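If you read the sequence shown in the numbering used here, its first letter stands for residue 82, the second for the next number, and so on.
Simulated from the structure, these hints should not be mistaken for laboratory data. Quick caveat, the model's predicted, so the values are computed rather than measured. Please note that a few of the clues may not be correct.
[Stated by the list, open to error] The calculated DSS-like cross-link candidates involving lysine-lysine, where the alpha carbons are at most 27 Å apart (straight line), are:
id : residue 1 : residue 2
1  : LYS656    : LYS508
2  : LYS448    : LYS218
3  : LYS486    : LYS218
4  : LYS345    : LYS358
5  : LYS116    : LYS448
6  : LYS584    : LYS508
7  : LYS486    : LYS338
8  : LYS116    : LYS451
9  : LYS584    : LYS607
10 : LYS345    : LYS411
11 : LYS486    : LYS451
12 : LYS317    : LYS607
13 : LYS558    : LYS317
14 : LYS448    : LYS274
15 : LYS651    : LYS641
16 : LYS448    : LYS651
17 : LYS592    : LYS565
18 : LYS557    : LYS161
19 : LYS642    : LYS656
20 : LYS338    : LYS371
21 : LYS574    : LYS584
22 : LYS173    : LYS607
[To be verified] Okay, the calculated beta carbon distance ranges per label pair:
id : residue 1 : residue 2 : range
23 : GLY710    : SER547    : 43 to 49 Å
24 : SER354    : THR679    : 36 to 42 Å
25 : ASP308    : GLU522    : 28 to 34 Å
26 : ARG520    : GLY710    : 34 to 40 Å
27 : GLN566    : ASP326    : 36 to 42 Å
28 : ALA376    : ALA559    : 53 to 59 Å
29 : ASP308    : LEU253    : 44 to 50 Å
Here a beta-carbon is modelled for each residue, glycine too, at the ideal position from N, C-alpha and C.
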Amino acid sequence: MEVKQYQAEDYDVIVVGAGHAGCEAALAAARMGNKTLLMTINLDMVAFMPCNPSVGGPAKGIVVRELDALGGEMGRNIDKTYVQMRMLNTGKGPAVRALRAQADKHAYSAEMKHTIEREPNLTLRQGIVDDLVIENKTVVGVITNTGARYGAKTVVLTTGTAARGKIIIGELMYSSGPNNSQPSMKLSGNLEKLGFVLERFKTGTPPRVDGNTIDYSVTEEQLGDADPNHFSFESKDEDYLPVEDQMSCWLTYTREKTHEIIRKNLERAPMFSGVIKGVGPRYCPSIEDKIVRFADKDRHQLFIEPEGRNTDEYYVQGFSTSMPEEVQQKMVHSVPGLENAHIMRPGYAIEYDVVSPYQLRPTLETKLIKNLYTAGQTNGTSGYEEAAGQGMLAGINAGLRALDKEPVVLKRSDAYIGVMVDDLVTKGTNEPYRLLTSRAEYRLLLRHDNADLRLTEIGHEIGLISDERYAQFEAKKATIEAEKQRLATIRIKPNAQVDAYLKEHGDRPLKDGVLASEFLRRPYVKYNDLLNFIPAPEEPLDRRVIEQVEIQFKYEGYIKKESEKVEKLKRMEAKQIPERINYNAIEGLATEARQKLTKIQPETLAQASRISGVNPADISILAVYIEQGRIAKVK
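Turn these sequences into a full structure, and let the hints steer you where they fit.
Here it is in structure tokens:
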């Protein structure tokens, strides 16, 4: 029987899906002053963590800091609900340092849901969106499975892995969203009818085991940090959990017996039997894929991670699998420390639909349908942080469009979020996309420590950073500059104390006086060491200010070089390409360049230059045509 439609409420912005992308999108739009509706299949799965219960890590942790600098929620939420906090890569340079937190997955979800419920302009509602309402190639609303027709100025789709989701465990297959939730079955088909190209991706999870049945004595304990660190710039050091109050993770390894079990059962592995059609993440492969691809390795790392304070479930990170349940039992019991472990939930693979991201603009608005935005795993990414970053940008731009304001585009030199979005819309992706520090050519500029200096201004301009927080930010910036100027005027003169310090670090004594700023550039000199030889500032400096002063002096030359490259790029970014160019009418372009430019429709010369298959000669020809105004449009 056909469900009868009825006219429901009108909203400025409607967000479909309440995963990590949807939560950030809805909160951003609502906090900018838009009447916003957040629709989700299951209210009990708001900001749920179906995969590993953690936030952050290389590149990803920097995204969370960027979200916070823009006024997003993920950083604040994890700072309230973590069970362990660790700074990674501390022995390396600041460009690759990144914070990672083990989350209490249930507390994280509950806290985010409560935050959404308390937001004045935001309505949270359970329901499944089956279709979009389109008028003149513009979205004007959504239709749910119960027949409700909601009007909207803009719509953001963040359907994640629920879009025609299919769970696979060995020979068992059934329609499902993540964690056995209800899937969204109709929306994908309706997007295809509108002309969208969809692809099929897959991801997976490992078995969850009962912590009471783990033998921790044969594993290596991984403790959190004693020194305070936070994802949110608003969090206070005094609220940081002491190490003894944090929960440990545990390191173990697969062994030859594990590999033998997997090899003997490869014909039952959906990945290799042809059952799984979707493309999986290369940077987060299943354990059976690892055994085949890295046959020379005799063991692989596994991290046993707590899922929260009020559960005994542990997540076996690195052991993602879609093997039959009986094989998973044998695999788990072959691992040191897990010989007697009880599997509480088997691992599974999940296939789902994604919108090929070349169909998007850098604002994350679709090119086919005006006022329709997509974000998160819907766009072919993997990871909570990548999803949240896209959700934030899509929510901001959907909100700005609803307010009839100019959009925000984050450049590659602005943020890792900008790197990710540019990669997606310019190059597309043929596998679940994961952010890596190596994807950013300006990673010394895009550091964990300076996300606020890069993005707080934007967050304040669009109304997501309060005046009070902005004033504190401005004060921090002024303090950093004042201390840098002070150190650039004070001289350290040769004396016995200075010479002894230099000798201790294998350096030669000073012959003449040297500026404190120059002295600080030496690799082994810390700011607090410097204060042994010069007067301290009138007011003690916050550790975050000290961190900036140190990094900006020590890496000044490298930072300057990257900044110069960014300035050159900005000139190309400023050269806009008119919409819907007929590239076939431009003489001299290589055939591959014509095809790629027609498919992607870049918005600037800089974006065009980053398309694979478009070479510098093609860019030169295109630049001349634009300068001369000889561009023909597609009719």
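Evaluation of the provided hints:
1. Proximity of LYS656 to LYS508 is assessed by CA-CA distance (about 20 Å); at most 27 Å being required, the pair is judged to hold.
2. For the proposed pair LYS448 and LYS218, the alpha carbon gap of about 10 Å is at most 27 Å, so the pair holds.
3. Straight-line distance between C-alpha atoms of LYS486 and LYS218 comes to about 20 Å, which keeps the hinted pair within the 27 Å bound.
4. Taking the CA atoms of LYS345 and LYS358, the gap is about 22 Å. The hint holds against a cut of 27 Å.
5. Simply put, LYS116 and LYS448 have alpha-carbon atoms about 25 Å apart, close enough for the 27 Å limit, and the pair holds.
6. With a C-alpha separation of about 53 Å, the suggested pair LYS584 and LYS508 falls outside the 27 Å cut-off, and the hint is violated.
7. Between LYS486 and LYS338, the direct Cα distance comes to roughly 61 Å. Violation of the 27 Å bound is thereby established for this hinted pair.
8. Among the hinted pairs, LYS116 with LYS451 is consistent with the structure: their alpha-carbon atoms are about 19 Å apart, no more than 27 Å.
9. With a CA separation close to 16 Å, the supplied pair LYS584 and LYS607 stays within the 27 Å bound.
10. For the hint linking LYS345 to LYS411, the alpha-carbon distance of about 12 Å falls within 27 Å, and the restraint holds.
11. In summary, the hint linking LYS486 to LYS451 is supported, as the alpha carbons are separated by about 15 Å, within the 27 Å threshold.
12. For the proposed pair LYS317 and LYS607, the alpha carbon gap of about 23 Å is at most 27 Å, so the pair holds.
13. Between LYS558 and LYS317 the CA atoms are separated by roughly 18 Å; this keeps the pair inside 27 Å, and the hint holds.
14. Taking the CA atoms of LYS448 and LYS274, the gap is about 15 Å. The hint holds against a cut of 27 Å.
15. Among the hinted pairs, LYS651 with LYS641 is consistent with the structure: their alpha-carbon atoms are about 15 Å apart, no more than 27 Å.
16. Note on LYS448 and LYS651: the hinted pairing holds, with a Cα-Cα distance of about 24 Å set against a maximum of 27 Å.
17. For the proposed pair LYS592 and LYS565, the alpha carbon gap of about 24 Å is at most 27 Å, so the pair holds.
18. With a CA separation close to 24 Å, the supplied pair LYS557 and LYS161 stays within the 27 Å bound.
19. A C-alpha spacing of about 23 Å is found between LYS642 and LYS656, which places the hinted pair at or below 27 Å, so the restraint holds.
20. Between LYS338 and LYS371 the CA atoms are separated by roughly 15 Å; this keeps the pair inside 27 Å, and the hint holds.
21. For the hint pairing LYS574 with LYS584, the CA-to-CA distance comes to about 15 Å; that is within 27 Å, so the pair holds.
22. Proposed proximity of LYS173 and LYS607 is supported: the alpha carbons are some 15 Å apart, at most 27 Å.
23. Distance hint check for GLY710 and SER547: the Cβ-Cβ separation is about 45 Å, which falls inside the suggested range of 43 to 49 Å.
24. Range check, SER354 to THR679: Cβ separation about 38 Å, and the 36 to 42 Å hint holds.
25. At roughly 31 Å, the beta-carbon separation of ASP308 and GLU522 lies within the given 28 to 34 Å, and the hint holds.
26. Here the CB-CB span from ARG520 to GLY710 is close to 36 Å, well matched to the stated 34 to 40 Å.
27. Here the CB-CB span from GLN566 to ASP326 is close to 41 Å, well matched to the stated 36 to 42 Å.
28. Distance hint for ALA376 and ALA559: a CB-CB separation of about 58 Å, consistent with the stated range 53 to 59 Å.
29. Taking the beta carbon of each, ASP308 and LEU253 are about 47 Å apart, inside 44 to 50 Å as hinted.
Checked against the numbered hints above, the structure violates hints 6 and 7; every other hint is satisfied.
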